[in-house]
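Asker: One-letter residues, chain by chain:
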Amino acid sequence: MCSLGGCISLPQSEALRENPPKDLPPRVELTQVPFHTQDGFLCGPASLAMVFNAAGIASANVESVSPLVYLPGREGSLQAEMLGATRRVGLLAYPLAPKMEDVLREIAAGRPVVVLLNLAFKLIPVWHYAVVVGYDLEKREVIVRSAKKARDDWSFGFLEYFWQESGYWSMLALPPGQLPATAREADTAVAIAALEQAGRRAEARESYRALLERWPDNLIGLIGLGNVEYSLKNLPASERAFRKASEAHPKSAVAFNNLAHVLAELGRLADAEAAARAAVAIGGPTLPEARNTLDAILARRKKP
Amino acid sequence: MSMSFVRLISRLLVVCLIGLPFQVSAGMIGTDQAVSAAQAQAARALVGSQISRADVAGQLQSLGLTPQAAKDRVAALTDSEVATLAGQIQSLPAGADGTALVVIILIGVLIWWLVK
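Chain order of the listed sequences is X and Z.
Residue numbering for the first sequence follows my numbering, beginning at 1 and increasing consecutively.
Residue numbering for the second sequence follows my numbering, beginning at 1001 and increasing consecutively.
Any given hint could turn out to be false.
Claimed, not checked - If you want a taste of the chain Z side facing chain X, the calculated C-beta under 8 angstroms gives, among others:
(1) Gly-1030
(2) Arg-1073
(3) Ala-1076
(4) Ala-1096
(5) Ile-1111
The hints are simulated quantities; they were obtained by calculation from the structure and are not laboratory data.
Here the structure is a predicted model, which is why all the values come from computation and not from measurement.
Beta carbons: idealized from backbone N, C-alpha and C, even for Gly.
Required output: the full structure, derived from the provided sequences and hints.
Answerer: See the structure below:
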């Protein structure tokens, strides 16, 4: 007979039971993460308020976060907006890889994790955000802040069952300058670029620096740092970043184009022209911008 | 004034409000272009990305946000997040709770017995 239990597949919990990661502490609980009651449809804002508090934004609460993320017409909060709201308060929003082990690793590093669960059925979903704040490898449990419960123990299997239909979606909110414990290079760079695009340049600068300390040649990191330094009127630092980008990535037209701009602004027109010519020679989708850059520099050089 | 006219006007307003928020300065190429190059996406025309941003902002408005709030929220999203939302805001997961508590307890008891 096929017992129901045998038909429910919970591969991640199974893997953690058979091979618990040996380098993780056996039990962690982030007791310092405060609790905000998830009243009504406000589990998104409440979950964010908890991780924002943990990341150092003491003033965050359900009232202050709701206008950033709650969508009245859906009576809930969308995943993309959970990330966007995090950026708007100046924190790095990082979606984790779809692995329970990565959630445990972040908790071991001191970061609470927001998870998206489906509490009902595939066809009639009831989506819910909760915050994982601890785990116990021996008991095979996570410690969760959810709904009206400030502290709840869920078995790994219980979490996985409700979590799997969101594609194991989870996210971190990190203070600027900190990288996820489970950081993947490309995803981290994209997450920081998103913080920059959301207008939080000073915070993005700190995170770009942390990224480049770990992955010194990352192209998005170098271009992003150069752009942020430029927009914050720090031209020498901007030049250094773009120069490093052009050396580490000699085929990046963006690196040479932006280097040319900074050099021109610093009054070094001959160097600027050389960089702009390099950008034009590389071509690619940014060729029109590179041509404009070169024309502008040539026009300036012709002036007496 | 008909609803559809109001909707049209508010969408037009959003397009005007959104402007060109991501340009670093004239001639400098923004980090988003480096990102889309690294992600091997076809370089999408800026205009195309502006239109889907306006579209998503319009949908957020129709779900109860003011034009300014919708604009600010869309500005905090990446191009790929906007592309995910475009046309799907009604169907994507929107985390909420309250009513599900009874369900979670019932299913929880069931799962507990099965997984234990």
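Asker: If a hint holds in the structure, say so; if it does not, say that too.
Answerer: Here is what the structure says about each hint:
no.	hint	in the structure
1	Gly-1030	holds (7 angstroms)
2	Arg-1073	holds (6 angstroms)
3	Ala-1076	holds (4 angstroms)
4	Ala-1096	holds (4 angstroms)
5	Ile-1111	holds (5 angstroms)
In summary, this structure violates none of the numbered hints.
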